[in-house]
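In the order they appear, the protein sequences are chains A and B. Positions 175 to 387 (the working numbering) are the ones given, in order, by the first sequence. Positions 175 to 387 (the working numbering) are the ones given, in order, by the second sequence.
Calculated from the structure, these hints are not laboratory results. There's no promise every hint is true.
[As the list claims (entries may be wrong)] Below, a sample of chain B positions facing chain A; criterion: calculated Cβ distance under 7 Å:
| # | residue |
| --- | --- |
| 1 | F180 |
| 2 | L181 |
| 3 | T228 |
| 4 | T230 |
| 5 | D254 |
| 6 | V267 |
[As the list claims (entries may be wrong)] Pairwise CB distance ranges (calculated):
| # | chain 1 | residue 1 | chain 2 | residue 2 | range |
| --- | --- | --- | --- | --- | --- |
| 7 | A | K352 | B | P276 | 53 to 61 Å |
| 8 | B | T280 | A | F332 | 25 to 33 Å |
| 9 | A | K212 | B | K366 | 49 to 57 Å |
Don't be surprised by glycine CBs; every beta carbon is placed ideally from N, CA and C.
There are 2 protein chains.
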Amino acid sequence: MSQKEFLNPTVVVDIALFTVEEGELKVLLINRDNEPFKNTRAIPGGYLLKGETTRTAALRVLREKAGIDEVYLEQLYTFDAPGRDPRGPVFSVTYMALVASPLPETKQKEGVQTPELFSVKKIPKLAFDHKEIVSYALARLQGKLEYTTIGFNVLPKFFTFSQLQNVYETILNKTLDKRNFRKKMEQLGFIKETKQVLGGMRQRPAKLYTLGK
Amino acid sequence: MSQKEFLNPTVVVDIALFTVEEGELKVLLINRDNEPFKNTRAIPGGYLLKGETTRTAALRVLREKAGIDEVYLEQLYTFDAPGRDPRGPVFSVTYMALVASPLPETKQKEGVQTPELFSVKKIPKLAFDHKEIVSYALARLQGKLEYTTIGFNVLPKFFTFSQLQNVYETILNKTLDKRNFRKKMEQLGFIKETKQVLGGMRQRPAKLYTLGK
DNA sequence: CCAAAAGTGTTGACTGTACACCCATGT
DNA sequence: ACATGGGTGTACAGTCAACACTTTTGG
Numbered sequence: 175m176s177q178k179e180f181l182n183p184t185v186v187v188d189i190a191l192f193t194v195e196e197g198e199l200k201v202l203l204i205n206r207d208n209e210p211f212k213n214t215r216a217i218p219g220g221y222l223l224k225g226e227t228t229r230t231a232a233l234r235v236l237r238e239k240a241g242i243d244e245v246y247l248e249q250l251y252t253f254d255a256p257g258r259d260p261r262g263p264v265f266s267v268t269y270m271a272l273v274a275s276p277l278p279e280t281k282q283k284e285g286v287q288t289p290e291l292f293s294v295k296k297i298p299k300l301a302f303d304h305k306e307i308v309s310y311a312l313a314r315l316q317g318k319l320e321y322t323t324i325g326f327n328v329l330p331k332f333f334t335f336s337q338l339q340n341v342y343e344t345i346l347n348k349t350l351d352k353r354n355f356r357k358k359m360e361q362l363g364f365i366k367e368t369k370q371v372l373g374g375m376r377q378r379p380a381k382l383y384t385l386g387k
Numbered sequence: 175m176s177q178k179e180f181l182n183p184t185v186v187v188d189i190a191l192f193t194v195e196e197g198e199l200k201v202l203l204i205n206r207d208n209e210p211f212k213n214t215r216a217i218p219g220g221y222l223l224k225g226e227t228t229r230t231a232a233l234r235v236l237r238e239k240a241g242i243d244e245v246y247l248e249q250l251y252t253f254d255a256p257g258r259d260p261r262g263p264v265f266s267v268t269y270m271a272l273v274a275s276p277l278p279e280t281k282q283k284e285g286v287q288t289p290e291l292f293s294v295k296k297i298p299k300l301a302f303d304h305k306e307i308v309s310y311a312l313a314r315l316q317g318k319l320e321y322t323t324i325g326f327n328v329l330p331k332f333f334t335f336s337q338l339q340n341v342y343e344t345i346l347n348k349t350l351d352k353r354n355f356r357k358k359m360e361q362l363g364f365i366k367e368t369k370q371v372l373g374g375m376r377q378r379p380a381k382l383y384t385l386g387k
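Based on the provided sequences and hints, a complete structural model is requested.
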């Protein structure tokens, strides 16, 4: 068997980045400015470069394309269907990213389209198999929400109970009972109360919580 | 940015193949007959060849190395840590495979080590990061067992309730109550009764069930 | 008739769900 | 004083867990 028979595919990293904003679960999309799929929306992604792991490549892509530094990243799946990229065999190692809103302002850079957030309920046509990637990421996020602390990655370090509940309601796309939610969270033991409160609103100040027992 | 900067890694496919045999969850290992890690156990794997997807490569590897044709395959994770293969950047796209026991007899082939089943409780030192791959596969299998039909892949098409329970007990590594198990399975609706029974044992014949409502 | 696994219900504990009012603050 | 979200308990229903005996076959 000669070396020639091996397939050394080009590898790209594509990232489904979610955040919760205005009571909606949103995903970050860019507008492609190159063929193929020019002027079609896509999730941010880029080629894997020498010396990178897929994870560091994902972090670089998010920094370059969206100015995002602090982010939760989880590898999802490797998409390798033949023909998924018209240019040839390109493997996409996909990641889910979660960040707290608001995202940093992206200064308009040369040759880089400004990324935009779209509600997952109103996703436009996407390039390549990116629709499938977003669906996969969403299923994973929803699946892990209830038994892990993954949801806390879209919250600031200190948060109120209603902010937390809003995250759960938004990601699961259903309303939850306030008292039952509180009971469940308390018994799961993911969060601890702080001595801080969030005031300045025109209602009773809310206690601030943080992750960790 | 020149084409030279892209990393086009070599890609291998590694498979954690499980079966349930003699009340134990077993994983298929081969003995490596080449460097690196010569004479160390490893999970079956092989290079991705031109024209293959990782899935078809995994199927080919299982056919070539273990004579296995019919198999459940699920992609797990892509391992890309630098240095995971001393020869250079090699990405491993990993799969979990499940088959019913007994496995087909593997005719001893030239240059191919006979694969052997090992209890997951007694896994020897493994090559590369294969220990991590097996752990990951096991966690996935256990996690999906209770809310999917993944466990049925280690059973023949027709099976008795106690065979089914044995699979669950073995994979979860704990004993289950017979009546509660039956109730839960019946209400999950994964299985349907057939008109066949499995006799010939020196005890009361057991009804045979099959997957599907 | 004995050995072996098949098959079958009930009870109490626990967990999840539904539901309504008072509280603390800013304006 | 009022508008706004913050914060709290109870009762019912459904699910889960524990538990032992009878049945059917082969030897």
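Exercise. So which of those numbered hints doesn't the model satisfy?
Worked result: 4, 8
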